[in-house]
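Chemist: So you can see what is in the structure, the chains are spelled out below.
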Amino acid sequence: MNSVVQYIEGYLSSNQTPGAAGNLFWVFVYIMLVFGGLSVAVIAMNWLERKILAHMQVRLGPMRVGPHGLLQPIADALKLLLKEDIIPAEADSVIFWSAPFIVVLAAFTTFVVVPFGPTHAITDMNIGILFMLGVSSLSVLGIVMAGWASNSHYPLIGALRSSAQMVSYEVAMGMAVVTVVLMTSLNASGTGTLSMIGIVQAQLAQGEWFIFKFFPLGLIAFFIFAVAMVAETNRAPFDLAEAESELTAGFHTEYSGFRWSLFFLAEYSAMIAVSSIAVTLWLGGWLRPFPNWLSNPTWDLVFSLVPGATFLFLAGMCFYSTARMPKHPYFRIQTIGLGGFGAVLVLIALILFVPGVRTRVQDVFWFAAKVSAFMYLYIWYRGTFPRYRFDQLMKMGWKVLLPMGLGVLILTAGVALVQQNLWHQ
Amino acid sequence: MAPVATPFFFYLLSGIMLIGGILVITRKNPVHSALALIISLLAQAGLYLMLYAPFVAGVQIILYAGGIMVLFLFVIMLVSIDRSMRERQFNSQWIVGLIAALALGGLFIAVYLKGNGLLPERALPALEADNTQRVATMLYGQYMFAFEIASLLLLVAIIGAVVMAKKKI
Amino acid sequence: MLHITTLHYLVVGAGLFLLGVIGVLTRRNVVIVLMSIELILNAVNLNLVAFSRYWQGMPVRMGGGATALHGQIFSIFVITDAAAEAAVGLGILIAFFRNKETVNIDEVHLLKW
Amino acid sequence: MTDRNTLSHLDLETPEKPFLDANELIINMGPQHPATHGVLRVILRLDGEKVLGLECVIGYLHRGVEKIGEHRTYTMFNPYVDRMDYVAAVSNGLGYCETVERLLNVEAPPRAQHVRVILTELNRIASHQLWLGTHALDIGAITPLFYTFRDREEILKIFEKYCGARLTTHAFRIGGLQYETYNGFEKEVTNFLNFFRPKIDEYEELLTTNRIWVERTRGIGKISAEDCIALGVTGPVLRASGVKWDLRKAQPYANYKNFDFDIPIGQNGDTYDRYLVRMAEMRQSVRIIEQAVAALPEGPIMAKVPKVMKPAPGEVYHSIEAPKGELGYFIVSDGSTQPYRVRVRPPSFVNLQALDLMCRGQLVADVIAVIGTLDIVLGEVDR
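Residue numbers (the numbering used here), protein chains in the order written: chain A, 948 to 1372; chain B, 450 to 618; chain C, 41 to 153; chain D, 5 to 387.
Calculated directly from the structure, the hints in this document are not laboratory data. Predicted, not measured: the structure shown is a model, and the values here were computed from it. Note that CB positions come from ideal geometry on N, CA and C, so glycine has one too. Honestly, I wouldn't trust all of these hints.
[Claimed, not checked] Rough simulated footprint, nothing fancy, chain D against chain A, three-plus residues with beta-carbon under 8 Å:
(1) 1004-1018
(2) 1173-1187
(3) 1332-1342
[Claimed, not checked] Cut-off 25 Å, straight-line C-alpha distance, at most; resulting in silico cross-link-like pairs (BS3-like, lysine-lysine):
(4) B:K615 <-> C:K140
(5) D:K191 <-> D:K203
(6) A:K1342 <-> D:K203
(7) D:K203 <-> D:K165
(8) B:K615 <-> D:K165
(9) A:K1342 <-> A:K998
(10) A:K1346 <-> B:K615
(11) A:K1342 <-> B:K477
(12) B:K563 <-> C:K140
[Stated by the list, open to error] If the Cβ cut is set under 7 Å, some of the chain A residues that face chain B in the computed set are:
(13) F1043
(14) I1074
(15) L1077
(16) F1078
(17) G1081
(18) L1085
(19) V1087
(20) V1091
(21) S1110
(22) V1114
(23) S1132
(24) S1136
(25) T1138
(26) L1141
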């Protein structure tokens, strides 16, 4: 028993990722944590998207299941699991059956290298960002398989559209990513890195997020990536693959029940994955704001209190809504539920205030906060923009983003060369 | 990180790879063949990782599995495969072809049996850490010219493919 | 056999190569023939990377050492060529299909149409 | 005149040569499809995503309205016409009542005429709102739908208060109105106008300068004025092609000649212009209602019509400017209590004929946009 505690303590004091340390037990724990957290994030995202979109559209959104519809995603999940799983008679059943799993697998596997903190990653790979782009590009295969196996015109067109779209935007995305990789090489040794953790550490060492590097070059590269990542995940305004007004539902038209929910899960996981890439590459990953400038112990303390304070604020909102609930017996359970949810949030906040937890977890908090900003953007786009047409989408990818990416890459290389030469003199 | 259970993973991955290869050449439906090929390619990427070539593995996944095979699937879906699936799958000279291939296999076996001692076993260093940087240095240093020619080749291939596949230019 | 040597990789590569050759020589469907060519290229790649690994263990005076990554570089070039080959091959296939309405390779016996 | 070839019918009878083209694809869009506004079935022949031609298959909502008219008395047939263009039921009723009034040689009193104009124009706004919401939804902007439906609710409330129904109103009677306006009708309508004016700006803010919206609509589904006239296309579609033709000005009915309003026209005849024309029409409708409410006269609401209507034998064709275009009624009387023949010229049906011409050479996504911009209601197409 004592040795177990020592084992855990030994890990907690180490400063390596479990993968790099070769510690299989902790790798397993981390995989469970990441995928559990991811599932919770997808569920929360489902609720938030419906709520935020509803409020943008002057309506309330889900209000029935649980207080303010908080339990709606669970009800949805139950409904999907209990639905009949239909495989069309003429479908290629093996491929039809396996396509959703490939999509989900591709979306989940990318999280192996996402750094939630300097030690909070399942593993750190030498080819981290390459691995992420490669594995996320495998989801195209799942989509093509789903569209083809359904043996129906709409899914086929949806699959062709989405695969063409994803393959095209990967090119522009790659250009933006290479720009960042080039920026990481601005150190004394002159070699860059593809490792996700290495990229964040390079930002820390250079004292600025890469979005501000060589202003406006970093910003343009970020913009290219931010556009390409929306296209890459097939979300509005680039949601042609599942344009409901044209192709009913695109490649998953023929899917129902559990398999459909897997596509849903994969879509949201992929959104979180690409947002994680954007955060890691341009927005300093797990770094708190101003890690170099405001670096005395007082500021360290202040910033490490922010996560707990955020949860306290959310809890306060919960209690405020509880107080505003109608005083009617019909709403009693909902009021109690909302109050209970607030209490849970307070509990989390209190745990986050414990000094040992505080310092370990605040990295994850900053990372999650940055990612959620992107998630909000996704919802905002969806509420605001009409849909692009396919040729316009392609034109944008190949004629606007790609030349822009090439230009930024060349300019960055030039500026970096000049700076590097100055360095060595 | 030290490699774990190397023989197990080697046999697993090469088994998947070879089974995938067999499926590629025996399936009736080209889509099934393509998917088997993708599985085979992914297993091969795993083998590259075991050989401490992470960059090649990454390129294999992005380019082969994510790029070339999507192109294949695209074309298979564009051309109608129903008719060819109902027809004879192997050509009339298949026996001759098989014999020729097996003769080549015999040649391989002979070579490997004969030359087994040529490759003495050595203690190999684990070199994953800066593999990508080294590959980059070589690619843009020593092999600069070849790299440029490769890019030219790709350009020609793009133009050629467009010229051939497009009805009206 | 507990230790995996270079020879193991070479044998696996040869097996894959053979499968590719059998596919090219026996199948009628152009798409599958093209895929078999990909198999052959991949078998070559596996050998190249395995030899690259082998050379990393050789002494530096013989051209080995940690920087002996020529095999990996070559495999990258082979992948590039495979991409070019696939693009052109599939382009030809589409043109062929449009004119002949078939994907059978033994019906390609004219040099013009 | 238009070139015959551009209008030549799509030949679907002769079977396609199999595998002639690796890219050619026939897609059946509808009748159950989220973007065909009901039960329209469109057979698309595609080259990849490009439309080579299309054919509409209609009749899924056919209820034989014209035939029913021959077996009902003039009064009994009145509620049936509401079921044709159910989003602009008031206009349908106005057209029918006015046609029968012409057959009977009676004229509705001025107050009735004014109320008719107010309700018809309110209905025009409601119809355009529904068009805007669904059209934007088709193009992928999901938010305008909720905005327009929120505001359309206010109009429906006024209808409900006036005649008890929200959608199929049956607001008018032959010879005038059945109901006097309720207390505070003028005030509520004025309130609505004040509420609605900034809302049009809100819609326009979401869409008019939205880059994606402009890219999706400008130059899409172009149709020239000549083609419009050759095909008999009317309404906002015709006006967006630059023809200043509005029956409210050209052949004033009700008492539209007393009101001052403009006819908005476009130049390019594309989807974007049709959007702008309809937005401007909403503003003009607000202007008309404003004047009508201000000048609402006192007086009777019903002209003297016989209890049993037996119009003298004869025939009348009368048409009005419905929100979707020229809505015409051709009624033949044989002197009995029932019409000998009722023929309706529905704008949606005629406008739908332009779909093939407008979609040729465009992409699948544009077919959706063009169906949306034609603003068809299948109840009216199939009758």
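Chemist: Look at each hint and say if it fits the structure.
Modeler: Status of the hints after comparison with the structure:
no.: 1; hint: 1004-1018; verdict: holds (count 3)
no.: 2; hint: 1173-1187; verdict: holds (count 4)
no.: 3; hint: 1332-1342; verdict: holds (count 8)
no.: 4; hint: B:K615 <-> C:K140; verdict: 16 Å, holds
no.: 5; hint: D:K191 <-> D:K203; verdict: 19 Å, holds
no.: 6; hint: A:K1342 <-> D:K203; verdict: 34 Å, violated
no.: 7; hint: D:K203 <-> D:K165; verdict: 22 Å, holds
no.: 8; hint: B:K615 <-> D:K165; verdict: 63 Å, violated
no.: 9; hint: A:K1342 <-> A:K998; verdict: 34 Å, violated
no.: 10; hint: A:K1346 <-> B:K615; verdict: 20 Å, holds
no.: 11; hint: A:K1342 <-> B:K477; verdict: 37 Å, violated
no.: 12; hint: B:K563 <-> C:K140; verdict: 48 Å, violated
no.: 13; hint: F1043; verdict: 12 Å, violated
no.: 14; hint: I1074; verdict: 5 Å, holds
no.: 15; hint: L1077; verdict: 4 Å, holds
no.: 16; hint: F1078; verdict: 6 Å, holds
no.: 17; hint: G1081; verdict: 4 Å, holds
no.: 18; hint: L1085; verdict: 6 Å, holds
no.: 19; hint: V1087; verdict: 5 Å, holds
no.: 20; hint: V1091; verdict: 5 Å, holds
no.: 21; hint: S1110; verdict: 6 Å, holds
no.: 22; hint: V1114; verdict: 6 Å, holds
no.: 23; hint: S1132; verdict: 9 Å, violated
no.: 24; hint: S1136; verdict: 9 Å, violated
no.: 25; hint: T1138; verdict: 5 Å, holds
no.: 26; hint: L1141; verdict: 6 Å, holds
The earlier numbered hints that this structure contradicts are 6, 8, 9, 11, 12, 13, 23 and 24.
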